[in-house]
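Could you build the full structure based on these sequences and the hints that come with them?
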Amino acid sequence: MARDPKHDILFEPIQIGPKTLRNRFYQVPHCIGAGSDRPGFQAAHRSVKAEGGWAGINTEYCSIHPESDDTHRLSARLWDDGDVHNLRAMCDEVHRYGALAGVELWYGGAHSPNMESRSTPRGPSQYASEFETMTYCKEMDLNDIKQVQGYYVEAALRARDAGFDIVYVYGAHSYLPLQFLSPFYNKRTDHYGGSLENRARFWLETLEQVGRAVGKDCAIATRFAVDSLYGTSGIEAEVDGVKFAKLADPLVDVWDIDVGDIAEWGEDAGPSRFYLQGHQVPWTKFIKQVVKKPVLGVGRFTDPEKMVEIVTKGYADIIGAARPSIADPFLPKKIEEGRYDDIRVCIGCNVCISRWEIGGPPMICTQNATAGEEFRRGWHPEKFKKKGSQDSVLVIGAGPSGGECSRVLMERGYTVHLYDTAAKIGGHINELALLPGLGEWGYHRDYRETQITKLAKKNKECQVALGQKPMTATDALAYGADRIVIATGSSWNTDGTNCLSHDPIPGADASRDDQLTPEQVILGKKKIGKRVVIVNADTYFMAPSIAEKLAAAGHEVTLVTGVHLANYMHFTLEYPNMMRRLHELHVNVLEHEFCSKIEPGRMQAYNIWGDGSKRTYRGPGKPPRDENQSHHWIEFDSLILVTGRHSHDSLHRELHAKTGEWEKNGVKAVYLIGDAEAPRLIADATFSGHRLAREIEEANPQLPLPYKREVAKWGVAHVAGTSAALEYKV
Amino acid sequence: MATKILVAVKQVTALDEDFEIRADGRDVDADFFLRDLNEWDDFSLEEAVKIKEAGGEVEVVVVTVGPEEADESLRKCLAKGADRAIRIWDEAMEGSDSQAIARVLAAAVQQQNPDLVFAGVQSSDHSFASTGIALAGLLNWPHAAVVNQFEFSPGATQAVIRRELEGGVLQMMSIDLPAVLSIQLGINTPRYASLRTIKQAAAKPIEQVGLSDLGLSATDVGEAGSASRVRRMYIPEKGRAEMIEGSLAEQAAKLAAIIKEFKGASA
Ligand SMILES: Cc1cc2nc3c(=O)[nH]c(=O)nc-3n(C[C@H](O)[C@H](O)[C@H](O)COP(=O)(O)O)c2cc1C
Numbered sequence: 001m002a003r004d005p006k007h008d009i010l011f012e013p014i015q016i017g018p019k020t021l022r023n024r025f026y027q028v029p030h031c032i033g034a035g036s037d038r039p040g041f042q043a044a045h046r047s048v049k050a051e052g053g054w055a056g057i058n059t060e061y062c063s064i065h066p067e068s069d070d071t072h073r074l075s076a077r078l079w080d081d082g083d084v085h086n087l088r089a090m091c092d093e094v095h096r097y098g099a100l101a102g103v104e105l106w107y108g109g110a111h112s113p114n115m116e117s118r119s120t121p122r123g124p125s126q127y128a129s130e131f132e133t134m135t136y137c138k139e140m141d142l143n144d145i146k147q148v149q150g151y152y153v154e155a156a157l158r159a160r161d162a163g164f165d166i167v168y169v170y171g172a173h174s175y176l177p178l179q180f181l182s183p184f185y186n187k188r189t190d191h192y193g194g195s196l197e198n199r200a201r202f203w204l205e206t207l208e209q210v211g212r213a214v215g216k217d218c219a220i221a222t223r224f225a226v227d228s229l230y231g232t233s234g235i236e237a238e239v240d241g242v243k244f245a246k247l248a249d250p251l252v253d254v255w256d257i258d259v260g261d262i263a264e265w266g267e268d269a270g271p272s273r274f275y276l277q278g279h280q281v282p283w284t285k286f287i288k289q290v291v292k293k294p295v296l297g298v299g300r301f302t303d304p305e306k307m308v309e310i311v312t313k314g315y316a317d318i319i320g321a322a323r324p325s326i327a328d329p330f331l332p333k334k335i336e337e338g339r340y341d342d343i344r345v346c347i348g349c350n351v352c353i354s355r356w357e358i359g360g361p362p363m364i365c366t367q368n369a370t371a372g373e374e375f376r377r378g379w380h381p382e383k384f385k386k387k388g389s390q391d392s393v394l395v396i397g398a399g400p401s402g403g404e405c406s407r408v409l410m411e412r413g414y415t416v417h418l419y420d421t422a423a424k425i426g427g428h429i430n431e432l433a434l435l436p437g438l439g440e441w442g443y444h445r446d447y448r449e450t451q452i453t454k455l456a457k458k459n460k461e462c463q464v465a466l467g468q469k470p471m472t473a474t475d476a477l478a479y480g481a482d483r484i485v486i487a488t489g490s491s492w493n494t495d496g497t498n499c500l501s502h503d504p505i506p507g508a509d510a511s512r513d514d515q516l517t518p519e520q521v522i523l524g525k526k527k528i529g530k531r532v533v534i535v536n537a538d539t540y541f542m543a544p545s546i547a548e549k550l551a552a553a554g555h556e557v558t559l560v561t562g563v564h565l566a567n568y569m570h571f572t573l574e575y576p577n578m579m580r581r582l583h584e585l586h587v588n589v590l591e592h593e594f595c596s597k598i599e600p601g602r603m604q605a606y607n608i609w610g611d612g613s614k615r616t617y618r619g620p621g622k623p624p625r626d627e628n629q630s631h632h633w634i635e636f637d638s639l640i641l642v643t644g645r646h647s648h649d650s651l652h653r654e655l656h657a658k659t660g661e662w663e664k665n666g667v668k669a670v671y672l673i674g675d676a677e678a679p680r681l682i683a684d685a686t687f688s689g690h691r692l693a694r695e696i697e698e699a700n701p702q703l704p705l706p707y708k709r710e711v712a713k714w715g716v717a718h719v720a721g722t723s724a725a726l727e728y729k730v
Numbered sequence: 001m002a003t004k005i006l007v008a009v010k011q012v013t014a015l016d017e018d019f020e021i022r023a024d025g026r027d028v029d030a031d032f033f034l035r036d037l038n039e040w041d042d043f044s045l046e047e048a049v050k051i052k053e054a055g056g057e058v059e060v061v062v063v064t065v066g067p068e069e070a071d072e073s074l075r076k077c078l079a080k081g082a083d084r085a086i087r088i089w090d091e092a093m094e095g096s097d098s099q100a101i102a103r104v105l106a107a108a109v110q111q112q113n114p115d116l117v118f119a120g121v122q123s124s125d126h127s128f129a130s131t132g133i134a135l136a137g138l139l140n141w142p143h144a145a146v147v148n149q150f151e152f153s154p155g156a157t158q159a160v161i162r163r164e165l166e167g168g169v170l171q172m173m174s175i176d177l178p179a180v181l182s183i184q185l186g187i188n189t190p191r192y193a194s195l196r197t198i199k200q201a202a203a204k205p206i207e208q209v210g211l212s213d214l215g216l217s218a219t220d221v222g223e224a225g226s227a228s229r230v231r232r233m234y235i236p237e238k239g240r241a242e243m244i245e246g247s248l249a250e251q252a253a254k255l256a257a258i259i260k261e262f263k264g265a266s267a
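Read top to bottom, the protein sequences are chains L and D.
Quick note on the working numbering: the first sequence kicks off at 1 and runs consecutively.
Quick note on the working numbering: the second sequence kicks off at 1 and runs consecutively.
Derived by calculation from the structure, the hints in this document are not laboratory data.
For clarity, every value in this text was computed on a predicted model and none was experimentally measured.
Wrong hints could be hidden among the right ones.
Unchecked claim - Listed below are the simulated DSS-like cross-link pairs for lysine-lysine, each with C-alpha atoms no more than 30 Å apart in a straight line:
hint, chain 1, residue 1, chain 2, residue 2
1, L, K658, D, K199
2, L, K454, D, K204
3, L, K333, D, K238
4, L, K424, D, K199
5, L, K460, D, K52
6, L, K460, D, K199
7, L, K664, D, K50
This is how it looks when you write it as C-alpha cells:
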C-alpha cells in the first residue's frame, strides 16, 4: 500500500548546514544504556532506526570530559580515542542505511555527580544540584570558562573524527549552557551574568568555537529548553526563549527545542498518564517564528496526521522523537509504505526512561521487546527467523506475554492456537487501561490484537479462541498441540500477602463485600463506601492510581503505605505529577505505616519503624527489638488491598504433575512465561513471551540463551597504544 | 434409524486491504480473495453438532458447492464435529446464482435423504439470503428462515423453532420434518477446533461429487442455469471529507458556505 499523499510533506528532504536530512523523521538524543562502553549495542540500536527510515539519529548525551561524569547513570563519552573508536561503529552502521549520525555534546555542571572520575564539576555560579544528591559545582572564573569551552571544541573534533554528521551543544535539561542562560542558576555579576546578552554569552561563544572547529564538515545543532516551566525564575519561552533563539540563530544549523529542566524532565518526556501527543507545542511554537534555521520539536509524535499538522502549521520543520522511535524503530518506513496499522505506538509509560533513572541498566521498552536486544541477542524488530519445525503451539493466555509470544511465533510461520477465557486479547491491560490516565497503555493490546488478527488470516491454521472456558490440564494435553505455552498471568492477592511480612494480613479477605482487590475496583461490580482505606505494599502505580480514581469519584481516601509510595514512578518521571494529583484530590497518605490486622469496618495500622532503634540479643523466641506499640485503628467502609500479586500457575503445575501423559498426547514441552511465571513489569512479561518465541527450537527454551556481553577485556587498553597492565606509580 | 442433518456451507471470500476488480469488470480479481467459511455456517454447523452431542444417533454431513479450495472450509467443519463432508463441483457450475446452487443442493439432498437441512441465513460475500429458501422450494419441503432457537430430539417428527421477525418480535413455531431451516447468527456460540481435531480432520476423506453423479447437466448450472447474472462490480467514488478549522464563528461561516454550495446558488 502506498502512503497517503497528505503525508508526503514528511518525506521532503531538508538541508541542515553542510548536510541533508533525507526526510523529516529525526531521532533526538536519548539514552539506551550503551554509551561508548557498549559499541555493539549502540551501533545496532541506532542503525536499526536508520534502516527503519529515520533521517537523523543521535547518540544519548555524550560527555565531553571526565569533569562531566554521570556515573551511576550511563552517558556516551568522547573523552579519548578509545571512545572515538567505539562510537565510530555507530556512525558507520547508521551511514550504511543513508541516515545522518549526531552526537549530543554534554557538560553537566553540578548535575553530574562525577562518581567515577571524582573531578569537580564547574558551573556559572556555585549551586547545589536540585537533581543530584550532595553535588555542588565550583563557580567558574574566566579561565575556567575558556578551559571548558576548549573541552567542547576538543570533543567536537573527536566527534568529527568518529564520523558524526551533526554535533550538538546541549543546552536542554538544565545542563551547562542553559545554566549560564538561566537566572535560576546564573547569579554572576560579570559579563557572563545579569542581562540576557551576558547570560547568553557562554552558549554563543561555545557555539561559535565549535562551529569554527567542525562547522564545515558537520551540522551544528543546539538543544534548547525554551521554557523552564518555572515562570519568571527560569527561562520563559516568549521572553528569554525567543531572544536567545534570535541571538544564536546565525550560529546553528538546526534547532532542537523542548521544554523543562532535569529535576522534572517528565515535563519533556511527558508520560501519557499526564500528557498527550504534541503537549510541548504551546511553548515551543514561538521559536520557529523568530529563527531562519530549521527547527525540530518533540512531543511523543506517533501519529502522521499530527506530524503533518506540526509541519504545516509552522510549529517545526522536523519531527523529533525519542520514545516513538524506541517503540517502533520502523515508524517512518511504515508511514512511507502506508502500513499505518502496523505502527507499534508508544504507550507513554516511560519504562524506557526508568532504566536510565535507575542508573544505567540497558533500556527496555514495553511495546518493543527487541529494544536493547538488537546486538546482544541479535533481535531485529521487524525480521524473524523462519520456523525451525512443524510443531504446533497452543498458547494459553492472550495477555502481554501470551499475545507477544503468539505474534512472534506466527511471524515465524508457526501454527499457533491462542486461547483465553477473556473476550478480548490483552489480559490485564484491558483492566489497566481503564485506570485514570492509562488509556494509551491500551495500545500495547491494540498492536498485538491487530497483528495477531492479520497473521491468523494469512495462516489459516492459526486460531484465536477467545471467551473460552478455563482450560484444564486434561483439556490442554488433549488439545493436540506439540508445545504448550502457559501465559495465564497473575492477580492481586486477596489475603493481603505482602513483601513486608511475606504472609497474609490477618482478616484480609477480598471475597468479603467490604474488601476489594484492585481488579475488583476496576471492574466496578462491588459497591465501594465513602471512607476508603488502601493498604499498600506495592512500589509502582497501582495504589496511587486506585487512590486517584476513587478520590476523583468523591470517596475519602486514606492510603496506608508500608513501602515508599510509587517509588518506581520516580524512575518513570510520573512521580511529581502523581503526587500533585493526590494532593489536589486530598488523598491522605500515611507513610511508613502498614496493616497488622483487619476487622469488619476497621483496620489496625502500625508505624513500620515503631519497634525501637536498639537491637539486643535476648535469646531464642524473643525478638531483638522492642514490641511495636504504635498500633492504632483506622475505620473504613471499604478496604482495598494493594499488597502484592501472585502467579496463576496452577495449570502449569497440573501439567507438570502429568508429565507421564505428555508423550502419548504428543506433547513435547510445556513452558511458562510472563506473570504466570513471576509477576513483573508489562515490558518484562512481553519480553518473556517474545524471547520464548525466538528461542523455541533451543534445547531448553524455558531458559534464555546466553547473550553477547560487551565488557572490558583484561589486558586490552581502552585507548589503543596505552598500557593495560597493572602498574603502580611509585 | 439415525437422524441425518445436512448442513449446507459455503466458502466465502473476504477482501484484502488492497484489491482490484477483474479485467471483465464482473468480480474482484481472485488474487485478492481471502477465503473462509461463511460466518453463518459456523452457527448452523454448531447447531447440528450440538444436537449430535446431546445424544441419540445423529449424523452431521456438511456439503458445499465449490472448487478444490473449498476443501479447507469443509475440513474446518470436520474439525468442529461434522461426520462427513461432501464437495460438489464441476467447472460448469462457475457463475451459478443462488437458484442454480439450490438446484445442485436439491439433487444432493435427494441422494442423501436427510431429516433436516440447515443453511445459513445468508453468505457474507454475496448476501442474497436465498439459497436455503430456494432449496426448500425445489424440494417442496417445509421451511423456516432466520431461525434463532431450535429444539429437537433426534428421532422426533417435529421440531420447535423460534424466529426473529421485524421490530424485535419473536415467533415460536413447530415444523414438520424433513425441513429446511436457515440459521441466524447468535443462535449458539460456535466452538473452535482444537489442534487435535484439525489434525484428525486433515486425514478424513472428502467425498467428491460431480455433475453427472447428481443427474444434472451443464445447462442446469452456471450462468445457463441461473436466473440472474452479474453485470458489473465496481467501487463507488468516495465522498469528500474536510476538516473545518478556526474559531467557532469561522467554523460556522465555512459550514454555511459549504451548505450553500451544495444547495446551489439559489439558497
Ligand atoms: C530513554 C530516554 C532517554 C533520554 N535521554 C536523553 C538524553 O540523553 N539527552 C537528551 O537531550 N534528551 C534525552 N531524552 C529526552 C528526549 O530526547 C526527548 O526530549 C523526550 O523524550 C521527549 O520526546 P518524545 O516525546 O519523542 O519521547 C531521553 C528520552 C528518553 C525516552
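To see whether the hints hold, each was checked on the structure:
1. L/K658 with D/K199: holds (23 Å)
2. L/K454 with D/K204: Holds, at roughly 28 Å.
3. L/K333 with D/K238: holds (27 Å)
4. L/K424 with D/K199: holds (27 Å)
5. L/K460 with D/K52: Status holds; Cα separation ~27 Å.
6. L/K460 with D/K199: holds (13 Å)
7. L/K664 with D/K50: holds (28 Å)
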